[in-house]
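**Q** Read off the chains here:
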Amino acid sequence: MEASSLPAALELAAGGGAGLSPEKRAALGSSLLLLQRDYRFERVWFWGCIQGVRGAYYIAEGLGPDRAAHRSRLYSLNCVEWSLLPPATEEMVRQAEQLKGRFQGDPSFEYEYTEINAEDAERLFEDGKEPVIKEEARLVATIEQIDRAVGIIPRGAFVKTPLGSVHENRNFEGLSLTEAKKLSSYFHFTEPVNLKNKTLLEKADLDPSTDFLDSLEHDIPQGKGS
Amino acid sequence: ERGHGPYQPHEPGYGLYQPGYSPYDDQIPDPQSRTLAIQNAKAYLLKSSTTSGLNLYDHLANMLTKILDEQPTNAVDIIENISKDVKWAQFQKKMDTLRDEYEILPTYEAAEKRKALFLKANDGDEELEEEIGETPLPNVMETAFYFEQAGIGLSKDEYYHIFLALKKLVSVQPIQTCRFWGKILGLEMNYIIAEVQYHEGEEEEETEEEEVTEEGRKGVGEVEDEEEEKEKEDEPPKSTYKPPPVIPKEENGTGANKYVYFVCNEPGKPWVKLPPVTPAQIVCARKIKKFFTGRLDAPVVSFPPFPGNEANYLRAQIARISAGTQVSPIGFYQFAEEEGDEEEEVEGGRDTYEENPDFQPLSVAEMVDSLSTWVHHVQSILKQGRCVWLNPFQKSEEEEENEEEEKAEEPDELQQELQQEIGPPLLTPLSEDEGIQNIPAWTAQPSTNLIPQYAVAILQSNRWPGAYAFASGKKFGNIYFGWGHKYSPENHAPALPPPAQAEYPSGPETTETRDPTLEEELAFKAAREEALAAAEEEEEEDEEGIEDDEEEDD
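The listed protein sequences derive, respectively, from chains Z and V.
All residue numbers for the first sequence refer to my numbering, where the first residue is 1 and numbers rise by one.
All residue numbers for the second sequence refer to my numbering, where the first residue is 1001 and numbers rise by one.
These are computed hints drawn from the structure, not numbers from a lab.
Even glycine gets a Cβ: it sits at the ideal position worked out from N, Cα and C.
Please note that a few of the clues may not be correct.
Listed below are several chain Z residues computed to face chain V (Cβ distance under 8 angstroms; list not exhaustive) [said to hold, decoys possible]: (1) Glu-11; (2) Ala-14; (3) Gly-19; (4) Leu-20; (5) Ser-21; (6) Pro-22; (7) Glu-23; (8) Val-53; (9) Arg-54; (10) Lys-100; (11) Gly-101; (12) Arg-102; (13) Leu-177.
Bound-form chain Z, shown alone (with noise of 0.2 angstroms):
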């Protein structure tokens, strides 16, 4: 969500339980805008928090000039103080994988393997590691994953400028009712993947400016949202 209307923001996503203590709500306020400062970010979204055992981590998100490019991951345990988090890597996302169970809260804490398979074994103990995975790197992959797999925008929201950049769009007004009951009208924010398999009738009709992304159409499993 975006910094600057988190409050309203917080009061229409509310149906599910989950929100904010006013003390984080106030708190969220002047340390995101904060963090644009300090890090020279244009943008800062918060993306949520990842309750664990003990403690709840609070994520934080920070986007540059291209809104698609990499965006920076910051967390914090208390909404006040932030740290950056290392960008993730395919191999971080394979070992968080394996790992079940709750996160526990303190970002320092050490997993242990207890189920690996023979290959992974043999191929960690060749580089002379020892097979933990820090809570830490746990958080990064298990965010990417959640971004891969549910961040979502609606259509017409983000454009993309002839220079190959992403920007928001000034004319996006929200969708109409019926637009926003289809699962075509919203995209995954992600590298698109199915963009160049789709018929070449239906990409007639798209508009490269807007239609950049894969859309929700093809998920599996499929289902409608409501």
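Take the given structure of chain Z and dock chain V to it, following the hints.
**A** Showing chain V alone in chain Z's frame:
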């Protein structure tokens, strides 16, 4: 000058000469004459019609503009209709260019329902006195405030709507106590759940229904006996499958059915009462994991097959969540002092409690530090699916008379295996709760570390994610916001169906063996032929022997 260029339609000679065959084709047309021809054509098109005042040029321009704007499919096939539409559009008043009907959006209907909540009943002042007195309506906004300190809860608007909806429920039904239990999310719609206790003696409707079904079953049993007597001679082998005995559900007002639950999808929609829960439903609900769709009559397709539809599944999950996560600070509730027998206590355990008038609240720091300051105040559900164990083989006096004949068939083994199940007694502290793997069952936190004087102690359940409890001074509350499922670190793996039943018992007479293969048959045949041949030779030798003997005798 006018040359003989392309002939206009009104000139004689038009159409007579096809392109390429005109007698003037070998002449290169004068460019001047071509532009002139174009001008003539345009002038013709611009000529206004005498009847309608339109001209063809403008009409064609409008039509092509409309087509290019709208880009209909197969435009060439509907060109005449498009033309008609454009002409018709001339007659529309220019003020109202939007021809759409005013859309009745579904959001309007929802707003209408919510508005109905805000309208006061028409009885006027008479009811005011009743309302100000003791009312079973809970103070939803107060609990909302406390949970909000922890960052849990819905938006204030939604809470207020729920508040008003509860008020409506209380005014309609004869309710003694009422509580906002929580919200369970579903795929299509959500459920808002209210936990309610009736005044004593108010629930009569359901018992009638149960009696009717029991009588129906007895009737069916008698008919079946008669049929069996007729067919005793030639019967196919009867199935030896005996379904496990049905464990009766607990009475309304006790155990798992202590509270009655009402649900609605949105505040403003009518409240629906959920049916009481049966032990079979709870036992089955423990084995399946299905998301709720939001429609109470949706079937629950699962293995093992769930006995009921979504309303029953919802009720079973609510019962499990209540039993697992409804907690209160220690000392708030105490056992009522009973004058009665000790025998009753041993059998069922204590199941009633009352508020302690001398409750001294502990400080928030103490509540957060140790889990033994919180206790469960709802009975836990045993493995059987009830709160109070019942031996299903204990027959009542009526049934014993009827079943003397069948006693021989009943296996006594099952009876011996069933042991009395005992759960943790009521008001046990949370420190006794088991965790999952290495995660404790509860997480306790103060709502804020910055202002400890006014902090609220918050408990989050790790076994049922979404269950929360708060305590602050003398106030406490429980609530649930979530999908309605227990936490499991592994993905849900449904039970496999049991192996297919053997068709017949395997014994000395009927055993299943493999068919002999071709080689075995041939070998067997060869062996038999050899045996036959050997037997024949012996016979011949015997005969020869006899004949020799006879010859010798002579």
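**Q** May I ask you to test the interface hint for Z/Arg-54 with respect to chain V, counting a Cβ-Cβ separation under 8 angstroms as satisfied?
**A** holds, 7 angstroms
**Q** Hey, does the Z/Ala-14 contact hint survive, CB to chain V under 8 angstroms?
**A** holds, 4 angstroms
**Q** Would the hint on Z/Gly-19 be counted as holding, given a Cβ-Cβ threshold of 8 angstroms to chain V?
**A** holds, 5 angstroms
**Q** Hint Z/Val-53 vs chain V: min CB-CB distance below 8 angstroms?
**A** At 5 angstroms from the nearest chain V Cβ, Z/Val-53 passes the 8 angstroms test, so the hint holds.
**Q** When the nearest CB of chain V is found for Z/Ser-21, is that gap smaller than 8 angstroms?
**A** holds, 4 angstroms
**Q** Can we keep the Z/Glu-11 interface hint, with Cβ of chain V closer than 8 angstroms?
**A** holds, 5 angstroms
**Q** Quick check on Z/Arg-102 please, does its C-beta sit within 8 angstroms of some C-beta on chain V?
**A** holds, 6 angstroms
**Q** With 8 angstroms as the cut and Cβ atoms as the points, is Z/Gly-101 at the interface with chain V?
**A** holds, 5 angstroms
**Q** Taking the least C-beta to C-beta distance, is Z/Glu-23 closer than 8 angstroms to chain V?
**A** Holds, because the Cβ-Cβ distance from Z/Glu-23 to chain V comes to roughly 5 angstroms (cut-off 8 angstroms).
**Q** Does the nearest C-beta of chain V fall within a distance shorter than 8 angstroms of the C-beta of Z/Leu-20?
**A** Where the cut-off is 8 angstroms and the nearest Cβ of chain V is about 5 angstroms from Z/Leu-20, the hint holds.
**Q** Does Z/Lys-100 pass the interface hint, meaning its C-beta sits closer than 8 angstroms to a C-beta of chain V?
**A** This hint holds: Z/Lys-100 lies near chain V, its Cβ roughly 5 angstroms from the closest one there, short of 8 angstroms.
**Q** Are Z/Leu-177 and chain V close enough, Cβ to Cβ, to be under 8 angstroms, as the hint says?
**A** Since the shortest Cβ distance to chain V is 6 angstroms, the answer is holds.
The structure agrees with every numbered hint stated previously.
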